[in-house]
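Trainee: Chains as they are written, first to last, in this note's numbering: chain W, 1 to 337; chain A, 1001 to 1318.
Among these hints, one or two may not hold up.
To give a feel for the contact side, a few chain W residues facing chain A, derived at Cβ under 10 Å [to be verified]:
hint: 1; residue: Lys187
hint: 2; residue: Ile239
hint: 3; residue: Tyr263
hint: 4; residue: Asn264
hint: 5; residue: Lys266
hint: 6; residue: Lys308
hint: 7; residue: Lys309
If you are wondering where the hints come from, they were derived from the structure by calculation, not from laboratory data.
Note that the structure is a prediction, hence the values are computed from the model and not measured.
Ideal placement from N, C-alpha and C gives every residue a C-beta, glycine not left out.
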Amino acid sequence: MKYLIFVVIAAVVGSVSLEEKSAPISQDDKVWDVLEQLGDDASKIKPDLTISNVSAETGYNLVTQGFSDVPGQPKSRRQSKHFVCTSCHNIEREDPDLTVIDPQARLDYVTQRGLPYLQASPLYGAVNREYFYNGDYVKKYGDLVKPANEDIREAVQLCALECAQGRKLKDWELESIIAYLWEIQLKMSDLGLTEGELNYISDAIEDTLSWTNANVILRTKYVSYSPATFLAPPEDRKIGTGLNGDPDNGQKIYENSCLHCHYNKKYSFLQLDNNDMSFNHLKKKMGTYDRHSIYQVIRYGTYSKHWKKSYMPLYTKEKMSDQMLADLRSYIEKRAS
Amino acid sequence: MIQHLPTKRPSARHFSILFICLFLFSVPSSFAQEKEAMDENGMSAQESKEEKVTQTFRHTRVINSHSIETLPARKMDFRIAHRFGDIAGNAGGWPTFYGLENASDVSIGFEYGITDNIMFGVNRAKGSGPLKQLVNTFLKIRIMNQEINGNLPFSLTVVGINAFSTMQKSASVDALNFFENGSHRFAYHLGFHVARKFSDAFSLQLNTAWTFRNIVPFGDQNDLPSIGGSLRWNVSKALGIIVDTTFPIDTDFRTTENGYYPVVGIGFEFDTSGGHVFQLNVTNATGLSETDFIPYTTSNWGDGEFRLGFTISRLFSI
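Just chain A, same shape as in the assembly (with noise of 0.2 Å):
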């Protein structure tokens, strides 16, 4: 049974607004850009390098969630992302092969940085929530950046996706992709990313976010709040550490009773300094992207429904 929420629908002009009011957050992000390129002419290297915080994370993303990272400007993201079957559990072990035979979701995609602090993306992920095949698209504003002498102690950076699925017609009404209406095939995510890199090798970010679905499930409600956090411990140049937790807050319908769970991934990172990042991780979501695997994670760690992830990631100079 599901539940045909029908208008909280200005959504659709409700998400233009906000994706104009996120570019016009941009342009002092723009202007402070141009400056710096100036600078790069007239003032010492030394000078214009040592003042921001870099390198926060090796990556736009965590495991599952965005970091505050931002490409470079004029750098192309491709970017592979797999994640298997459950590795243990009813559906995992050898029958699956430990996962390996099962596809949870695929996505390929490419990013790409507009200037340091604006990038953009777009990805096709196979999906694993009840709507499937999902076009992605994306826009990411770092506002602020952490400075080494201390007058911004953290980064801030606000993404906002708009996820469509372009599954065919359910003839059933109770299906979820009835889509009765157009409208119903979108849903959005606006996220807050706060990091700070306390040490070279210790990198902390918290997260705080808002899921808009414009159909969900019987019970379930348009509006999901999440928080979450990750973090980064470096090994070595090459080697980091990362682990990536994502909690929905909506205690009357998200339960584990209802068979809901927290999203919670550890993984490596492998920089091979040669423009190729990979990361290779461990998580209960079956989904790739926010407006997929925050509502929509069922699988427990305690019952062994995690699975093998991986991420491949090529910058390209464009």
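Here chain W stands alone, though its shape is the one from the complex (with noise of 0.2 Å):
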């Protein structure tokens, strides 16, 4: 009976102390939801969904085609007329390492990948960033860019009427394109954590002193934010950059950029091709200071104006190199006739 009783309490005690041991970390783990167990506070970048009508599929609905259609919940009205969200922003992954900015490493990537090659950074991951139009963006948006800074709402807001020149959003839109965010955040996966860093994390959970370490462990995996920095043109655009061009490189410039938003004058009025006419076109034009010079427009872009309200944005250094730019060039003069 004595044993009896010591068996009992120690199946009690053991089961106890099972429950209460969380699960090991998978791979397939939010990297918000890991940072969260390591005491990270996610209230501010976490969606609102006690506001009514807020849902993912809705942010989903807003970020790819511009409006909700979400069966049993509110339509919205479009949120620009020019624009949608992935216009600009691919909604997935497009960074072989997540830790190393390189524009070149990103164009195969996404290339090998099917997606398009984008001036704005994806929205994969968009909630792991801390900093948004940061670095140069202020040459281009002065101090509306201040609130955006460290406020992923105020940044989104931002987007929606100064990059899509469209509407401000509604809270349950915003909620629901934040909750959208939310679901394409980073996983463990995309981090690239050895065995023993991912097992020391797990570990660290229950060990509130090892959490500052794991924390720091998570967060180098990935950049905190988009550096963004302005370059002009070169100073001879009919000499260029100077750069011996790779015609292949230049290639998966112009048909994942330069396509993506000028096929079919999807984006905008200039119908670009590969026929030799869009090639000579561009060549005509590349030494001049026109809009329809590949240095002027990816350089500075072009400004929205009064009716004529969409625009294209610039390509940063991080975006397009200078090599890149060169490589363009190449291509262009390859199928110029």
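Two chains, two frames, a set of hints: combine them into the complex.
Mentor: Below you can see the structure in the form of structure tokens.
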């Protein structure tokens, strides 16, 4: 009897401790879920699901088609007449190494995955970034970027109003977009953690003294912002960047970037395609200060104006290096008759 | 002397049915459009963009005729078209500064793309035939789109036009605008346009159409079939040469002896790449609407009765 009581107590204690020990971290876990278990505060980034009609599905519709038509929920008005989020942002991962800013590696990666190569940073993992509209974007948007620098909601609204040239998002629309972004945050599998690191983080959850170290390990696996450096076009546009171009790489840029917006005038009134006339036109304009010069429009973009709100965003150094510009030029020259 | 042709009258009803049929034809196209939009999110851009031939013509009109092109979804086109007076001939030359001081026809209107394959438009035209002051409405549907891989070798578009004359009633029973019946103010046009883009530079279109007027001049007939052809040759990215012809098929009444001529136009089109398309043309047609220039072109190129015309088009995102 004495032994039986001991066995029962041992069983109860054992089962309680088993319940309390959390499941090991898996590669499918969202990074923010793990960070929260390590004591990080996600309350400012998490969607507010107490607002009615907020859902990730609604957010997906808003991001990809500019309005929401989820059955059983109110249908929203189109946010912009000119663009949708996916005009300029990918919603999938687009960097092979999340710790490195390398436009060429990104171009190769998205080409391999059949994605467009776009000016703006991907929405995938956006909630894992801490800063937005950083770097030289202050040159373009001035004080507008200040509230958006560390606030993802302000950043989304700035994008809606200025970048998409549309209307302000309503609360439930904004929170739905945040809910969708929350869904497409980085996963542990994106971080390239070693088995040892993964085990350390799993164990650290139980050990508050290890939270800081585990947190640091996680956060060094991805950049917390997308750097943005504005470059000027080459001084002599007829000569160009002076670098030798690779036409094959230029073809990737032309097809994944230029044609994404210009093919069949999708987002632009300038029609570009794979015929000689498109290449002849771009070659003819290349050395000029015209808005159809690749140097002019890639480095400066165009600006929205009255009666013509749609425009082309510029490519920063981190999105299009001078070498890539030289590659694009060499492809255009190769194809022009 | 005019002929008040009574009632092949179910015309209004017939045309309602026709428009409904056109709409029904459009349903598969609408679905295709929706599918494309969905693909845009799931499929690579390259895959979705290489299927269909685009820009067979730069604009929804060639010169006088509709082209197979439809406006992209949610784009509004504001169009102004003008036809001056005769450059030469009895009514042209120096006294009219080669026609520039006259206006054969002027139209102003809006057109809108409901989907990439369906558009409608409304315009007000001065009119140059016996029935003037026209309000033209039309529905245009792209039924087939030429494909790059060759499965569909051409594009097919159908357009239905309804012209309504707002002319004042004439007191003369012999006048076409006596308008004994309200339906006499209406004329209709149904056109089928088939086009193929043979190369980046060259596109060819064939047209066949049926025009129906509820009231016609004496000796004329209500039904008027016609055929035509149009071509575009791109000189550069921004500049194209366009040619447009229409031949009414009516060997009894519409003959050169009776003063009727086929419609022939040649022109240039400029795409500014900023949402504007300018067309500058020379044509013997005086009217701008199909229900006007197909039955009532009485100007002869050989007699110098051709005129300068232009069209200004500006696209807006709505």
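Trainee: When the hints from earlier in the document are held up against this structure, which numbers fail?
Mentor: As far as the earlier hints go, 1, 2 are violated by this structure, in ascending order.
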